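Protein chains: 2
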Amino acid sequence: MKAKGYMGKILRVDLGSGKFDEEELTDKTAEDFIGGCGLGAKILYEETDAGTDPLGPDNLLIFAAGPVNGTKAFNSDRFDTVSKSPLTGIFAESNCGGYWGANFKKCGYDALVIRGRADTPVYIFIDDEQVLIKNAGHLWGRDTFETTAVLKVENGGSVRVAVIGQAGENLVRYANIISDGKHGRATGRCGLGAVMGSKNLKAVVVNGSRSVEIADEGRMTELTKKIAVMMEDGPEGLRSGGTAVGLDYCESVGNHPIKNWYQGSWPDGAKKLTGLTMAATKLVKKYHCGRCVINCGRVVKAVGGPYDGEEIAGPEYETLSLLGSNCLNDDLDSIIKANELCNRYGMDTISTGNCIGFAMEAYERGLLGKSDTDGLELVWGNGQAVIEMVERIGQRKGIGKLLGEGVKRASREIGGGSQEFAIEVKGLEPPGHDPRAHFTVALGYATSCRGACHLSAFTHDFEGGLSIKDLGSGELKERFQTDGRAENVYRMQNLMSMFDSLTFCKFILFGSGIAVQPLIDYLNCVTGWDIDHKAFFETGERIFNLKRLYNTRLGITRKDDTLPLRMLNHRKKGAPNELPPLNLMLSEYYEYRGWDEFGVPTPEKLKELGL
Amino acid sequence: MKAKGYMGKILRVDLGSGKFDEEELTDKTAEDFIGGCGLGAKILYEETDAGTDPLGPDNLLIFAAGPVNGTKAFNSDRFDTVSKSPLTGIFAESNCGGYWGANFKKCGYDALVIRGRADTPVYIFIDDEQVLIKNAGHLWGRDTFETTAVLKVENGGSVRVAVIGQAGENLVRYANIISDGKHGRATGRCGLGAVMGSKNLKAVVVNGSRSVEIADEGRMTELTKKIAVMMEDGPEGLRSGGTAVGLDYCESVGNHPIKNWYQGSWPDGAKKLTGLTMAATKLVKKYHCGRCVINCGRVVKAVGGPYDGEEIAGPEYETLSLLGSNCLNDDLDSIIKANELCNRYGMDTISTGNCIGFAMEAYERGLLGKSDTDGLELVWGNGQAVIEMVERIGQRKGIGKLLGEGVKRASREIGGGSQEFAIEVKGLEPPGHDPRAHFTVALGYATSCRGACHLSAFTHDFEGGLSIKDLGSGELKERFQTDGRAENVYRMQNLMSMFDSLTFCKFILFGSGIAVQPLIDYLNCVTGWDIDHKAFFETGERIFNLKRLYNTRLGITRKDDTLPLRMLNHRKKGAPNELPPLNLMLSEYYEYRGWDEFGVPTPEKLKELGL
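First to last, the protein sequences are chains A and B.
Position 544 of the first sequence, counted from 1, bears residue number 544 in the numbering used here, the numbering being contiguous throughout.
Position 30 of the second sequence, counted from 1, bears residue number 30 in the numbering used here, the numbering being contiguous throughout.
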């Protein structure tokens, strides 16, 4: 291994045998797949097969950093996780902020590959190159905040931890992994917390002190200064209002989930939940991930009333959308509480909110009754019921047992006609952006490798005033156009695959006048490579195709690249929105991708990409 | 039984035991369900259950006439057939023109209910009230034209026959029943020919000489004269060009299936297939059903070339659309030949054309190869291949075995991703009208009790210049509106349920300035009842609800009231078309219907309708 920016080693742990070993990360793998989700996808593709049970011992759980992580690059202390999803049964990836990624890498590894299942609860402690598998019997059953606190007492306050709560233990199919506890971050999506739970693995604790050697320190310093200027003015909204700063705007342009994605307009509710309202009424202070100058994290406190609690991480835009608007719940305090509980149990607020919205609609339609909910009034806008449902799902108690399976499985179980309002793509519930408000989002949700994902294409934010040089025009009027949108999604997906491989926070794109070139420059000055714009995007394309190939092996084709019925045939009232002509866009998209009409990568394209 | 216009008797035949008996038709049943599909639905609902196998001996095949059939009312010699469909597994109905209906009724019966399965091929001969079950061993394996000819030789030239061809014998799931041979008519849809085949029943031959007693002969004569004037100018297009007179118009407004419903525009092809072209180049003479003044039937001859043949019934609009445009086949002679073969084998040209279009797309995408087609080049526009496919399906030979199962089952078998272009609703392939060109058609297809049906709502013809007083505005611009369309479909479906119960030909609506009142007047002067406009529509609503209830018992709900993916998410290029906001319309529609949000009739509504 010669490339700078890498530690050059992959750590493998088999929890079944208790053995671990190190493997060299070759230059070729680094150049072809970078790190993060790219490296993870390569390992998962090669070392598992179509029959792997997501919750069985043969599934892999991969934590991977990229070349910029652990350096002084902005917004770069992140990591990525890759596995086969227990929620969707296909490719799973989830990216996480905080500090764990940089700290893990500084232990001396680019990736950690976990296989097997421990007989009893354990956690892994990586103290630089010293790896220990430790008993976690005393942690099992504890929530993520408590677990984090205990692990820091046991292993020293400087360690960084990634843990599961009771949701992961209970195999909630959208359980997540929480890094650094109550002011922490999550690998939110696809249920990787349940994969950890299935392996009897409560936590991965890291304590790294190595440094990341980079190729051109001088240029790195210059570059960081230059980007600092660009970041100064750009993300003002994120600074002042957090990720929810545009919630009321999203509502006004039809880009917001209301009442299980049915309702078009809810301005009074949106005003109560939007970021500036939260800043004015609940905010205690802001917080940030490693090497970030944005500070989008919120520390809030629900003062007075039934949900008065401690100062904790506040709900993000997605959380407010799904546990709030999607349930017609405009009680901000109840969302703060439900969010806290999701974080304690360790489960995805997006999937949770979709599941509760789905259940509320089923309740309204008489498919679920009080005998199913043990008397709970599961009606729209009942914030107390939202909180109670989070508890039940986390504990898999009563109706929570069913809803912990996700919308797709719950709908199959409930039957009757509930597929009509089961909102998911490839089994993954969507975040708070509506494909009927942005046709690129429609195409992005339909073709993302992990299901309904807003971060694989991330186009919605670049059609309403913002633009990325070379990629998005920033024109809101383009959102209902089809021409050129396939190309836009194609290019954005390739770029986002690079973001999640490097791994960078995508909010760096909100820097003033930001373009893609600074990221390429960062990569080059860390590694000493000389990658140009074209090669950078080609690498992203290679990574995206590899993820798709993993899904192709599982039978995923064009028929699966679709949207929920409600998004295909329900035009919302009172909001600007249109039904997306997905099929036309798909055909154009497949052409850009060099896939056949079924969405299967052609041999020519794979050869071109070296796959 | 006191009501005039009825024979007052239902004939039941059990082919298993060879026994038959007569049952009285009560006044209440006649008033509540009229006849035709209404009477058939009542019998099917009451005498079968959810577990009935469509191709098993317990399924019923019901032939039913209505009160106007056999009278001198215009366009009224028809009959209706009702059963459980082997294609869709749900309620099946199919209406048929010609002369059989009036002749059957004149035997002294309002309905014939066939149950059981004969050990060897038989046919039923009803000679007034004399009923015989006769050997059909010598007819088995013969096509419908030959069978008709032999039956007329055996039983006299004046008999009317309804027969199946080899497709029905071979249980092609969309086999039909052909009445009166080569210049005949068909109960085209839902595969009732296969139900006959499953019962070893080759034909039902009737020879009726009774007369239908009506309540007010004098008023009947006056009314008929009055309607004669209305019919004089109205259906000029149908007279001159047949049902295909508007094919090129349909193409130009996006209301036409091209290339398996993918392509938006095909003007040169449409010009070659449209009714006036056929009239100018292939027409020998016109023909008509009993008591019709329209003469929409075509007798054609493919002169010269490889398909030169006898003078036979020409293809209808639907046939030209599905065996023509939908396969990109602009060779009119090949369609005439394929249509003749469909009629000989006895199978639905709509389903056949959709199946071939589906297979051509599967072939283009490499899901079917030459090894599957025994070397046949199943490429778009290959008219010879269309003919060859009809032969194979009728004989269930090679690839025809699979395609004889219908698009839905074939797609499941082929898999891969072919669901994306499997065009069917509830298992029934659509006729040549596009839901993306008329939102009422979208709603009509989604909610018709038999699947993708253009005749249950019949709205498409009344949004482009024509209007029915009180029902349709005739404004083409309304076709992409959603407001008020649910009401329109609701009212039209109730009206069409009356048409198919009476039973009348729907083309009577093309009479100049025609309104609904003359039909009500006909019913009243035949029966002596005094039904007003409101009661007339309520009866239609009762009948429609009973069909829906039959489906509800089978688990049909809102989730099934949908459209093929291609119609929900593919906006065609080069044609005026929009993606239908089906869900919004469905919600409004269910409200009009008094059904719950799942599409299940409420107890209150059923009580109101006396169900």
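Hints in this document: simulated from the structure, not taken from any laboratory.
Honestly, I wouldn't trust all of these hints.
Identical copies look the same in the list; a pair holds intra-copy or inter-copy alike.
Unchecked claim - Straight line, CA to CA, 30 Å or less: simulated BS3-like cross-link-like pairs of lysine-lysine: (1) K282 to K226; (2) K506 to K182; (3) K286 to K401; (4) K573 to K477; (5) K605 to K28; (6) K9 to K152; (7) K370 to K605; (8) K559 to K397; (9) K370 to K607; (10) K573 to K559.
Because the structure is a prediction, the values reported are computed rather than measured.
The hints, checked one at a time:
In this assembly of identical chains, K282 and K226 lie within 30 Å of each other by CA distance neither inside one copy nor across copies; the values are 35 Å within and 78 Å between. Taking identical chains as interchangeable, the C-alpha atoms of K506 and K182 lie at most 30 Å apart only when both belong to the same chain, with a minimum of 22 Å there against 70 Å between chains. When the C-alpha separation of K286 and K401 is checked against a cutoff of 30 Å, the pair qualifies neither within a copy, at 35 Å, nor between copies, at 67 Å. Taking the shortest alpha-carbon separations for K573 and K477, both the intra-copy value of 19 Å and the inter-copy value of 20 Å come in at or below 30 Å.
In this assembly of identical chains, K605 and K28 lie within 30 Å of each other by CA distance solely inside one copy; the values are 19 Å within and 70 Å between copies. For the identical chains of this complex, K9 and K152 are intra-copy neighbours only, at 26 Å inside a copy versus 88 Å across copies, given an alpha-carbon limit of 30 Å. With identical chains, the CA atoms of K370 and K605 are at most 30 Å apart between copies only, with a shortest distance of 25 Å across copies and 54 Å within one. Taking the shortest alpha-carbon separations for K559 and K397, only the inter-copy value of 28 Å comes in at or below 30 Å, while the best intra-copy value is 35 Å.
Only between protomers do K370 and K607 lie at most 30 Å apart by alpha-carbon distance; the minimum there is 27 Å, versus 57 Å within a single protomer. Taking CA atoms no more than 30 Å apart as the test, K573 paired with K559 passes in both settings, with 28 Å inside one copy and 21 Å between copies.
In this structure, the hints that do not hold are numbers 1, 3, in rising order.
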